[in-house]
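> Listed below, chain by chain, are the residues.
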Amino acid sequence: MTVPPEVLGDALSRDGIETLREGRLVIACPRSERQIKALLTRAGRDGLRVVPAGLLSKISGLRPEVMEGDVDLVLSLRNLSKVIDFVPGDGTLTAQAGCIWSDLGRTVRESGLQLPTDMPLPSRTTLGGALASGMSGPDRLRRGPLRHHVLGAHVILSDGTRAKSGGRLVKNVTGFDLHRLYTGSRGTLCVLIEASLRLFPTPEETCALTRPCADAAEAFQLAEDLRRRHVDPLSVTIEGGARDPWRLHVVLVGRQVELPSALARASEVLGDAERIEGADAHNLRAELRDRVCHGGAWAQLRLSGPPARTHLAHAMLARFLGNDPLWRVVAQPGVASLEVFAPTLAAHTVADQIALLNDLRATLTDSGHRLEPIALPGATHLGLAADLAGDPARRWMRNLQRRYDPLGRFTCPSYPGRAPTLGATS
Amino acid sequence: MALPYLEELRAIVGDAGLVTDRAGRLAYESDALSLEKQLPELVVLPLDTAQASAVMRVLSKHGVPIVPRGAGTGLAGGATPVAGGVSLSTARMREILEIDPVGRTARVQAGVVNAELTRRAAPHDLFYAPDPSSQAACTLGGNVANNSGGPHCFKHGATTRHVLGMIVVDADGEVIDLSHQGPDPDGFDLIGLIVGSEGMFGLVTEVTLKLVPIPDATETILAVFPSLDSACDTVTEAIARRLEPSAIEILDELTIDAVERSVFAAGYPREAKAVLLLECEGSAAEVEATSADLTELCQEHGCLEIRTARDDADRRRLWAGRKGAFGAMGRIAPDLYVADVVAPRTRLREIVRIATDICHERGLKVSNVFHAGDGNLHPNISYDRRDTDEVRRVLEAGELIMRACIERGGSLTGEHGVGLEKQEHMCHLFDESDLDAMRRAREALDPDLRMNPGKMIPIRGCREMRTPEPMPQGDDR
Amino acid sequence: MSVPPTTAVEPPMSSMQAGVIVDYPASLDCIHCGLCLDDCPTYRLTGVEPQSPRGRIHLMRAVAEGRLDPEPGYVEAIDTCLVCRHCESVCPAGIHMGQMIEVARDGLNRVDPPRWTVRMARRIGLRGLLPSRARLSLVAGATRMLQRAGLTGVVAKMLGPLGAGLRDLPNVPPARERQRLPDFTPADGPGFGLVALHEGCVMPQLHGRVHRASVRVLAAAGDAVLGFSDATCCGALQAHNGDLESAREQARRTIAAFERKTADDGTTPVLISNSAGCGAHMKEYDRLLADDPEWAERAKTFVTRVQDFAEHLAEPGPRERLAQRLGRTDLGAVTYDDPCHLCHGQGVREQPRHLMSDVPGLDVVTLERPESCCGAAGLHALLRPDESRTVLAEKLRDLAASGASVLVTANPGCHLQYESGLQRTGSDVQVLHLAELLDRALDGAPT
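Protein chains in written order, with our numbering: chain A, 1020 to 1445; chain B, 169 to 645; chain C, 265 to 711.
Note that these hints are calculated values from the structure, not bench results. Don't take each hint at face value.
[Stated by the list, open to error] Ranges between beta-carbon positions, derived for each pair:
| id | chain 1 | residue 1 | chain 2 | residue 2 | range |
| --- | --- | --- | --- | --- | --- |
| 1 | B | R628 | C | R633 | 20 to 28 Å |
| 2 | A | H1313 | B | R628 | 25 to 33 Å |
| 3 | C | A554 | B | G531 | 29 to 37 Å |
| 4 | A | T1363 | B | D616 | 45 to 53 Å |
| 5 | C | D494 | B | D557 | 53 to 61 Å |
| 6 | A | E1087 | B | R521 | 40 to 48 Å |
| 7 | B | E468 | C | A560 | 38 to 46 Å |
| 8 | C | Q443 | B | L207 | 39 to 47 Å |
| 9 | C | Q411 | B | D183 | 50 to 58 Å |
| 10 | C | E513 | B | D557 | 26 to 34 Å |
| 11 | B | D616 | C | G667 | 50 to 58 Å |
| 12 | A | A1374 | B | D616 | 50 to 58 Å |
| 13 | B | R576 | C | R633 | 51 to 59 Å |
Even for Gly, the Cβ is constructed at its ideal location relative to N, Cα and C.
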């Protein structure tokens, strides 16, 4: 069923809920837990499809049906933006889901701490959005993904119940780690309203080495050499493409006393690399963080797999995209992910996209890699997801969704591979 | 007694994969929490994923409950058998399937012993970081089930941060292959959910684990303190100053005494009221700088003496004392109640003191040995199970310590898990709707509730067990 | 957590009482932590709890508490233990597994006598044969004849299951190598001390060369050496197999014989054992005879005089004197495997290694898991040959990985086990007793 946006917005406003309109989208911005529950009640009664969100910056890549207007209501948590508990001595932060990532970063910086990951587009990302997206920054090479540093969460389930898991402690094994399940669930299980994070000490020093490479193969080889020599950088990024030269960036952090030796070891591997220090190094770190959103647009594809075989996946990809004059790659070799910008791909019809990507997927399986569509039409997502429906792991995920959201209010046809007919309300 | 499914199982695992006689089964009646006992109907020991899946299909057909078991070193009764159920042991699944030195990963069967992996990774200059005290015997599958910790988890994180992939068999014998996960999960983070789920979603048969490079330099520091308070304060301050050693452990007087009388005698000074065991690892320069900072900090807090172990033999000795500490308590009294609470690291001293007072008020002997850097306390109460009144006082003290922790923002368990031991205490920390969310996950993945039933989630509703607090009510329906 | 039930049956508190079949007080030391599991050879082999130290103790306790009858499953658990005592070395609560198994086996022999064939075999072997040098010599001679005639296979078949081990028996050396040691061998050079070398039962028949090497090495280190063969067997095999009565008898005979070695001026020699199993057992005579009023004190005095061969030689005086006599010997890569009853039973770990490091230019390589059992385990290799070989297989893999061409040990059981295992797999790695290695170095090129 489709509710005209103006009707929905007016109705919500009468309940005191702030509503925004963006094109065909109605975005409700509740100010309290009570309002969220009221919204969910209404959605349940009217059979509305709801997508929890923050500022929609990640949604645009991860849940295309939202941008295509194929949902009834976006539930934005942006008005729930209180820091609940920041304990510098314990290195933990608990905040409401609508807090802006960069604001939280400023809050903890004064105490010599950092958020656990360099989240891309931090000023356009909420805490809840960061968690729901499952994204992490390039610094995950050293620090691990964001989901490892979520200590606990409070959520509202589709029937309006509030439930918490974990806590605010850096070590805790009481109960299931449901907050890990919610992290990366893209709002398809529940509404995340509050979360606790582990913080990291701000490193004394940051510096970087950056170096042009003859081709992708050289860049990947150097990255592997660094790894073999047990250089332990904060991040390693490779970028390049059909028209862009290939570059390798290595960011190193640490105590003042140890950095020279780390730099020396990295330089031995990298040879003639440009050394960047001070404010410039911080700027580079920030730029690399946002590389996955090149020119304001998300990559079309993401490939991921075993770190030792990233170069193989890349070689496969290069052969496959050879015809695209604009293709470009941002790779994090140590953590084995490749963001692929292939604008020409977007010009194909959905059917062609699905056929093409299924072919690519088949080729990549040999190197143990997985292909995930990002900034492509919802129908392409759906087409590629349908293929996975038989996988027992998908069955588990669907069962979880069904049990958490029996009425299918948070339904997303393409994620995580739900069979299209299930829970659809229109 | 003839089990209707026995011969079907024998056809799958053979005689060597079954323990059927009463004496044999009796040896499985408890894990390391020996207060809880239940004789299993049968013990099955499959050799690999295929056998486990076939066994679980048969058990599914007959509706038999399944309790997964690794080495049975768990301290919370997570592997205690259930009445009418089968214990499914991974003890014969001990192959290391692959070590990838470049990717720094290891693929192992669930029954591989934790320390064995570190031993086998050493030639590649790698090690497996989580190091629970039972690492010489506990299995990696068991570590996954309990999200096990250990001293070095202060720097490297508990098990969950080291699991990259796994194969899990569900209650009906279906194989869920999560072994080719990239840096991010494909869909939901099922691995994050399964790690620490105490065997309640399925049997993990294979795990892909992250290995960590052996650091260039390692230094272990033993700082001797005139009081437990000053040792605790030193740790709180080290965290606040954001110093980053790889492990921060505290042992108190009574523990030191027990360790020094055991086979693990480490040369801890007997006259110390508390010692702080610190380890720094990294590049030589980093280790030197961090170690200097820590030494200074200890001295500021009135530490009496500092010893530094640089060579491997010395370091191993200092750590052997720490790892053998629980067992060494056997020398104080026949039985030991190992509490495993977590405190915010800013309140270490306060909570350790409260725990000590609670025990002393009840005439109980308490010793402390714990992962101070993570706020994970282990007040250990020595007792004799044949003294019924003492047992009552121990349990009362245990409960009060947990409550005191929770009131101050702490938690029930930091690494041992909930199992049977802390099941009822879950209600102190979670309310009915929190537990209901956990039940939903369980019902989604094991609708018949046959995997390790009756563990972790309280069976009775929490409202029956405590005075309800006003709870926000969901207003639909 | 619920309140544990208090035990209904109050078990007896002394292990040596009549009718007691389990060392209940000792079993209470176990805190069920499981740290012993992965170091237990039978647990590693089978993966089952009743074949682990923790499981065995749990079952002993259950029997003592009346929760379990000594049924076949229990007997199996107690029988399969190799008594390697590795668990004792890793047990944080300090259990005494060796002692507990001996008591449990003794108890089983009393409440549930084994089949008459087994009983006969044990009676002949443990009571008739081992304590008598003359009879052992006779059997050794007969075996040598069979081996030379190529008839061992035939006789083994005739003996049925009991003969299974016969095929694996090493070649018995000729009679001249099976002779007694001289009553007195003076120190080779200035004399400093007096020792008696315990000859034992099986060793003189199969490893006379080790004894003679031991005497030469001890003499080179400045000790006068007495031969000590008066009591023949120390009783270790009897105790391990649960015949505590015979074991006590052998202990009394040994103590009495040793007391006769006391010189008129009251000086007693140090009793040296070059067999780890015998040494470990003799060092525990005090516990074995604790309830015997006539012998308890004499046993206490006796145990203070017992030392392992390496333990004695690694003491500052002998070590220094011996080191001066050692020269180069070209053996290739050498590795040392700790006999269980030396490292776990006696805590002797560093001493043999120190002595090896004193041999100039010796290329010593490390062996993985040197303290794990080779599967010889007294009579185990004879009684359960298949299991014993599986346990050994893991050791042979580690040995191959070490790259050593010589394996050094310090116990006859391990020595024979390795020799037969290496022979079966066609390996040319040589097995030497520590005494033999040092003896060769005595003849080595001066440095």
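> Now tell me if each hint is right for this structure.
Here's how the hints hold up against the structure:
1. B:R628 <-> C:R633: 20 to 28 Å: Given range 20 to 28 Å: violated, Cβ gap about 49 Å.
2. A:H1313 <-> B:R628: 25 to 33 Å: violated (55 Å)
3. C:A554 <-> B:G531: 29 to 37 Å: This hint holds: roughly 35 Å between Cβ atoms.
4. A:T1363 <-> B:D616: 45 to 53 Å: About 51 Å separates the Cβ atoms of T1363 of chain A and D616 of chain B, which means 45 to 53 Å holds.
5. C:D494 <-> B:D557: 53 to 61 Å: holds (57 Å)
6. A:E1087 <-> B:R521: 40 to 48 Å: violated (60 Å)
7. B:E468 <-> C:A560: 38 to 46 Å: violated (57 Å)
8. C:Q443 <-> B:L207: 39 to 47 Å: Roughly 58 Å apart at Cβ, these two residues miss the hinted range, so it is violated.
9. C:Q411 <-> B:D183: 50 to 58 Å: violated (36 Å)
10. C:E513 <-> B:D557: 26 to 34 Å: violated (47 Å)
11. B:D616 <-> C:G667: 50 to 58 Å: holds (55 Å)
12. A:A1374 <-> B:D616: 50 to 58 Å: Roughly 41 Å apart at Cβ, these two residues miss the hinted range, so it is violated.
13. B:R576 <-> C:R633: 51 to 59 Å: Given about 46 Å between the Cβ atoms, the range is violated.
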